[in-house]
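*Asks:* Chain residues, written in single-letter form:
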Amino acid sequence: MSDVTVGVAFTAQESAAIRGDFAILSRTVRGGKPLVYLDSGATSQKPRQMLDAERAFYEQHNAAVHRGAHQLAEEATDAFEGARETVARFIGAQVREVVFTKNATEALNLVAYSFSNAAGTGAMDGVDPALAARFALGTGDEIVVTEMEHHSNLVPWQELARRTGATLRWIGVTDDGRLNLADLDTVITDRTKVVAFTHASNVLGTINPVAAIVDRAREVGALTVLDACQSVPHLAIDVAELGVDFMAFSGHKMFGPLGIGVLWGRYDLLKAMPPFLTGGSMIEEVRMEGSTYADPPQRFEAGVPMAAQAVGLAAACDYLTDLGMARVSAHEHVLTEALLDGLAQRPWVRVIGPVDGKDRSGAVAFVVDGVHPHDVGQILDDAGVAVRVGHHCAWPLHRRMGVTATTRASFAAYNTVDEVEALLTALDRVPVVFGTVI
Amino acid sequence: MDLYQEIILEHAKRPLHAGLREPFDAQVHHINPTCGDEVTLRVQISGEGRSAVVADVSYDATGCSISTAATSVLADEVIGHSVKDALASFTAMRKMLTSKGADPGDEEEIGDGVAFAGVSKYPARVKCALLGWMAFTDALTKAGVDISATSASPSAPSASEPASSNTLTSSPITSKIMEDS
Chain A
1 MSDVTVGVAF
11 TAQESAAIRG
21 DFAILSRTVR
31 GGKPLVYLDS
41 GATSQKPRQM
51 LDAERAFYEQ
61 HNAAVHRGAH
71 QLAEEATDAF
81 EGARETVARF
91 IGAQVREVVF
101 TKNATEALNL
111 VAYSFSNAAG
121 TGAMDGVDPA
131 LAARFALGTG
141 DEIVVTEMEH
151 HSNLVPWQEL
161 ARRTGATLRW
171 IGVTDDGRLN
181 LADLDTVITD
191 RTKVVAFTHA
201 SNVLGTINPV
211 AAIVDRAREV
221 GALTVLDACQ
231 SVPHLAIDVA
241 ELGVDFMAFS
251 GHKMFGPLGI
261 GVLWGRYDLL
271 KAMPPFLTGG
281 SMIEEVRMEG
291 STYADPPQRF
301 EAGVPMAAQA
311 VGLAAACDYL
321 TDLGMARVSA
331 HEHVLTEALL
341 DGLAQRPWVR
351 VIGPVDGKDR
361 SGAVAFVVDG
371 VHPHDVGQIL
381 DDAGVAVRVG
391 HHCAWPLHRR
401 MGVTATTRAS
411 FAAYNTVDEV
421 EALLTALDRV
431 PVVFGTVI
Chain B
1001 MDLYQEIILE
1011 HAKRPLHAGL
1021 REPFDAQVHH
1031 INPTCGDEVT
1041 LRVQISGEGR
1051 SAVVADVSYD
1061 ATGCSISTAA
1071 TSVLADEVIG
1081 HSVKDALASF
1091 TAMRKMLTSK
1101 GADPGDEEEI
1111 GDGVAFAGVS
1121 KYPARVKCAL
1131 LGWMAFTDAL
1141 TKAGVDISAT
1151 SASPSAPSAS
1161 EPASSNTLTS
1171 SPITSKIMED
1181 S
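Sequence order for the protein chains is A and B. Mapping the first sequence onto this note's numbering, position 214 (from 1) lands on 214, and the numbers just tick up by one. Mapping the second sequence onto this note's numbering, position 104 (from 1) lands on 1104, and the numbers just tick up by one.
Hints are computed from structural coordinates only; laboratory data are not their basis. If you're wondering where the values come from, they're calculated on a predicted model, not measured in any experiment. Heads up, the beta-carbon is just placed ideally off N, CA and C, and yes, glycines get one too. Treat each hint with caution, since some may be false.
[Unchecked claim] Computed spacing ranges between beta-carbons, pair by pair:
no., chain 1, residue 1, chain 2, residue 2, range
1, B, Pro-1023, A, Ala-119, 36 to 42 Å
2, A, Ala-119, B, Met-1001, 34 to 40 Å
3, A, Val-432, B, Ile-1007, 15 to 21 Å
4, A, Leu-168, B, His-1081, 56 to 62 Å
[As the list claims (entries may be wrong)] In silico negatives: residues of chain B with every beta carbon more than 10 Å from chain A:
no., residue
5, Leu-1009
6, Ala-1018
7, Thr-1040
8, Ser-1058
9, Gly-1080
10, Ser-1082
[Said to hold, decoys possible] Far from chain B by the CB rule (all over 10 Å, computed), these chain A residues:
no., residue
11, Pro-373
12, Asp-375
13, Val-433
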């Protein structure tokens, strides 16, 4: 991960140029108000370059990939596999380690299911027994997550525990919204087979200390799975540097299209894993009695793949690379600090998560005294400011922080300090409407 | 914005008939899975059949101003009224809330409920206004009341199905807003 100090925030001129690439940002909402889109943590908006790439694929090269010998089939396959190369380069991975999935949720389920599928008769035939043993889960084994996980990196592991008889444990969260690292050695033990955790919390904005968790997991021989949905769009990522075994992220949160996610995994592990979804494309040989399977990544890409989305995602990676991830980080850091400062000046607002900008991404959740987050979001929406309200698919985390729900603003490279101001100005109406303070 | 009518803010600040009371015939717990709002609601019925009356509705709710106010209005509208009238109020309320702004509501049928007409223009908030009402019809069913005249009856996919009686997920109105949780 590059240090954010390497980059500098975008100039006003650069910001204007970036915003010009996102047509939707110039529209108005709720009776002519300029859209202030602060919900990129849920999904990002799309640059013209990405949309053009998808359109060009459909208009010029569309065909089912990995099938057929006609020219279009070849071009579509090249475009799809070329996209894989671009995505791999973007995260510092080998090309054959990049698996395209429907979304990050499917990528995480793929890993979770590979553990329980590994228990099937013959599923691990031909796999080195020591490697196969890493995927063997049963009573007495433990799965570790954290209390700040998105449901997508929690429920699949709860279900895996239920299917296998393993026990789910979790690393707690401190009052200021950091992982309780004091728990590390007691929660991750010799019984731990897998540690799944988020790189950056989609609610608190906390960036977790990957190295410390990976070191402890390695000490006990557990596999590590990183949910990078909220980090890949915002920080320079190098999987080799992170040291995890698997990493999942979604395309639509990083200027890419809906309907595509990525699972990255170490090749030796992917090679050992049984398939998750089965059917066309992922086979080596099929007979009525049974089948054998292709090598990764094809083993995990059953059915006609989402080639246009892959092409779009690659264009999104190129777009971010052109912006420079160090600059994206630096820019969002400026916005995050501006928002945290603005919220700190309002005693009737409480930030849920770290209140300073250190090891923090651009997701800022908060509560307003005496006003439900849904009502806060409604007042902001009335001013054209789009934020997320609710538990953001992290219900246990909200319970831990002692709140039912929060209002969350989240940034992307196209946001500006003026938009932070617009949010704060709209927020000042909340206590007035509800008569809570002032 | 015509959402936050004075009357809604008033009910939200000082909800009527709040708190859980004895005696009661049935108690239900409903959750809105998108935001985590919840309501525990009790009903007490007196009389039977056509002469059945809603003797009491008591509740303990955590929610936004819309859901808190809606439950307050609900309790005030139905307590002391016949079950038949209460169900008519529910039907009228739901019709208005799902009309996307077309139905201004009838004060005769839903009283302060007409203040919620603006909610119907905000599809994401309709579930908030209906949380208490869905709990109420579910509680009536559990108390043995036949609510088949309304489409909240158990024959339709409704909040009274045992498998999902504690969430709104089975409500046809609210099921479509669940995908992001």
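*Asks:* Work down the list of hints and note, for each, if the structure agrees.
*Replies:* Evaluation of the provided hints:
{"no.": "1", "hint": "Pro-1023(B) / Ala-119(A): 36 to 42 Å", "result": "violated (53 Å)"}
{"no.": "2", "hint": "Ala-119(A) / Met-1001(B): 34 to 40 Å", "result": "violated (56 Å)"}
{"no.": "3", "hint": "Val-432(A) / Ile-1007(B): 15 to 21 Å", "result": "holds (18 Å)"}
{"no.": "4", "hint": "Leu-168(A) / His-1081(B): 56 to 62 Å", "result": "violated (48 Å)"}
{"no.": "5", "hint": "Leu-1009", "result": "violated (7 Å)"}
{"no.": "6", "hint": "Ala-1018", "result": "holds (16 Å)"}
{"no.": "7", "hint": "Thr-1040", "result": "holds (14 Å)"}
{"no.": "8", "hint": "Ser-1058", "result": "holds (21 Å)"}
{"no.": "9", "hint": "Gly-1080", "result": "holds (29 Å)"}
{"no.": "10", "hint": "Ser-1082", "result": "holds (33 Å)"}
{"no.": "11", "hint": "Pro-373", "result": "violated (7 Å)"}
{"no.": "12", "hint": "Asp-375", "result": "violated (5 Å)"}
{"no.": "13", "hint": "Val-433", "result": "violated (6 Å)"}
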